[in-house]
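Student: Letter by letter, the chains look like this.
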Amino acid sequence: MSVEEQLRNLFEQAAANGLSSAAAYQRYLRRRRRRAMLVRAGAGVGFVALLTAAVAISAVLPQRAAPTAVQPTTVAPPGPPQVHYLPGPRRAAIAVQGFELDVPTGWLVADLGDVLWLRPKGEPRAKIEVGTILVSPRIGPGRGQFYPTTAVFSGIGFHAPSGPYSYSRRPDGRRVLLGEDTGGSQRNYYVAWPYYCRPGVRCAPITKARTLQIRFYAPAAAWPEVRRVGEAIVRDARPITNALPSGDTSGVRPPCQLNRVIERADIYSPNYRSDRPLTVELLDSRLSACHLRAALQVVVRDDAGQPLSVSGGQRPFVLEGDLPEGSVDPTGVYRITWRWTNWCGPRSVHASVEAVGGPTPPQLALERAQPPRCVDRKRPSKINVFRVVR
Amino acid sequence: MSGDDLEFRDFFMAEFERLSRLGFLLTGDWAEGEELAQDALVRTFRQWSRLGRGKQLGAYARRVLINRHRSLLRRAVVQARHALQTHVAEGYQPDLGEDAMVLWAAVRRLPDRQRAVLVLRYHQDLPEAEVARLLGLPLGTVKSLAHRALARLRAELERPVEARAVGLRKGRT
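Order-wise, the sequence lines are chains A and B. Note that the numbering used here numbers the first sequence so that position 274 is 274, with each residue one more than the last. Note that the numbering used here numbers the second sequence so that position 29 is 29, with each residue one more than the last.
If you're looking for bench data, these hints aren't it; they were derived computationally from the structure. Since we're looking at a predicted model, the values are computed, not measured. Every residue, glycine too, gets a C-beta built ideally from N, C-alpha and C. Treat the hints loosely; a few may be bogus.
[Said to hold, decoys possible] Calculated pairs, SDA-like style, for lysine to any residue (alpha carbon to alpha carbon, straight line, at most 20 angstroms): (1) 143(B) <-> 6(A); (2) 127(A) <-> 109(A); (3) 143(B) <-> 127(A); (4) 127(A) <-> 70(B).
[What the hints assert, rightly or not] Derived list of chain B stretches under chain A, where covered just means 3 residues or more per stretch with a C-beta under 8 angstroms from a C-beta of chain A: (5) 59-73; (6) 139-146.
Just need the whole structure built from these sequences, with the hints factored in.
Tutor: Given below as structure tokens:
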């Protein structure tokens, strides 16, 4: 049989166990409603931008003395995003990511998301993206400057740009990594951009591994100008709020935009064969200052998407606190593990962890878990909170 | 429920499985495959009244899915987000025979563009010119990507069994 025929057979077999359309349609309807809500929320962006601008100004005013105790957190109204212009010269900033920069003449803010996108007027194919990100400490530009070269941050997934790498320094001494340095009309720079916690808060070591990513690309004709502006941002982007040693003392932070990972790992279970551990880790992917409030529950559903009754399931568990600081776990991650045991029903069911309640529950992707082994048909299946790190 | 909604529901039921399978084969992960399919269908619904009711709707949704996959691959931001999810690195393993398992592992190790070309050619049965259009690549590039990918798979299948076993173990760590 030729390799082409084998491939055809393979693709048919591998994709044979498709997903249920009925359950998927319910998920689709929820997604469509969320998208409509986001469009409506966009109308409020102007208001939020003004509000966050006021917050950032108050935070960076030099005459304001930093408090010595932890201040209570005030949660800013939900709504995207935390990008704003400051008064005076054209400046753009993301306060919760701790940076601001000048927008050059002839350029505009192209998009408002969890990164700042700039582009030259009249050239939509050229872009500069600026935002914070965690780079692998092994190659991160902050190693040796903001954390030891031997530092190990276990339990965290990092962005790991491919090589070749080259390092340099900005005029202010911060180290800069140029990754994926293969020439052409694209550059990926990472500037050491450590996060500083509020005074009095035990700061997780991971916060010092934050970097400011400046990524730019353009068609050949626009490349010289885009490169000039991009490299100027690498050199001149300014730290504000939580990137200053005094930390973000405003106490105001938006709701977290969360990444979530559900991990089926045997390390959390003494008896993995009969238990099914469901672990959720909550980490703000930009390592920004934000307030987490998430009510989470485990729901067991059949193939048609209908919820099934399991003892202890569907009991929401609320996690609340400030990320990335203020966490007990040195990695800066909130983690909750449920244990699902003794499932003697049909095998074509799955459990998922879902956010519930609140006006804007976190919209998080779900990993679905298969049911545990049947141990005793006379006893009910149970779901219990097994371990919480917060 | 409006008439548009009812029609779209039928369209969804007819297309979702096909799209999620395509997403799965492109990414190797059912959750990501569904994510791509859902996103493509939400975007298709937004254009529903403009596109009319012709047969091209399915092709349109497929094109949206492939474009979305391409842009996800391009965007370092999204790559980083995925990198933060390395805890779920253990990939989905379909229930296959031993030879097919070797081929599946080899396909999973192919570079993204090579894998996308193979999926579109041999799962979607699209001509090379259409693959080139969908991926935004010159026809010659598609041909050479397919040639290189097939050569790698042939080489993998011709390796001795012992060497394959070592390769498989490495691939799983």
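Student: Please go over all the hints and tell whether each is borne out by the structure.
Tutor: Now for the hints, and whether the structure bears them out:
1. Only pairs whose Cα atoms come within 20 angstroms are accepted, and residue 143(B) paired with residue 6(A) is accepted, the gap being roughly 19 angstroms.
2. Among the hinted pairs, residue 127(A) with residue 109(A) is consistent with the structure: their alpha-carbon atoms are about 10 angstroms apart, no more than 20 angstroms.
3. Using a Cα cut-off of 20 angstroms, the hinted pair residue 143(B) and residue 127(A) is violated, with the two alpha carbons roughly 30 angstroms apart.
4. For the proposed pair residue 127(A) and residue 70(B), the alpha carbon gap of about 17 angstroms is at most 20 angstroms, so the pair holds.
5. Under the rule that three or more residues need a Cβ within less than 8 angstroms of chain A, the assignment of the region 59-73 of chain B is violated, with 0 such residues.
6. For a cut-off of 8 angstroms, the count of residues in the region 139-146 of chain B with a CB near a CB of chain A stands at 0, and the three-residue condition is violated.
Going through the hint list in order, the structure does not satisfy hints 3, 5 and 6.
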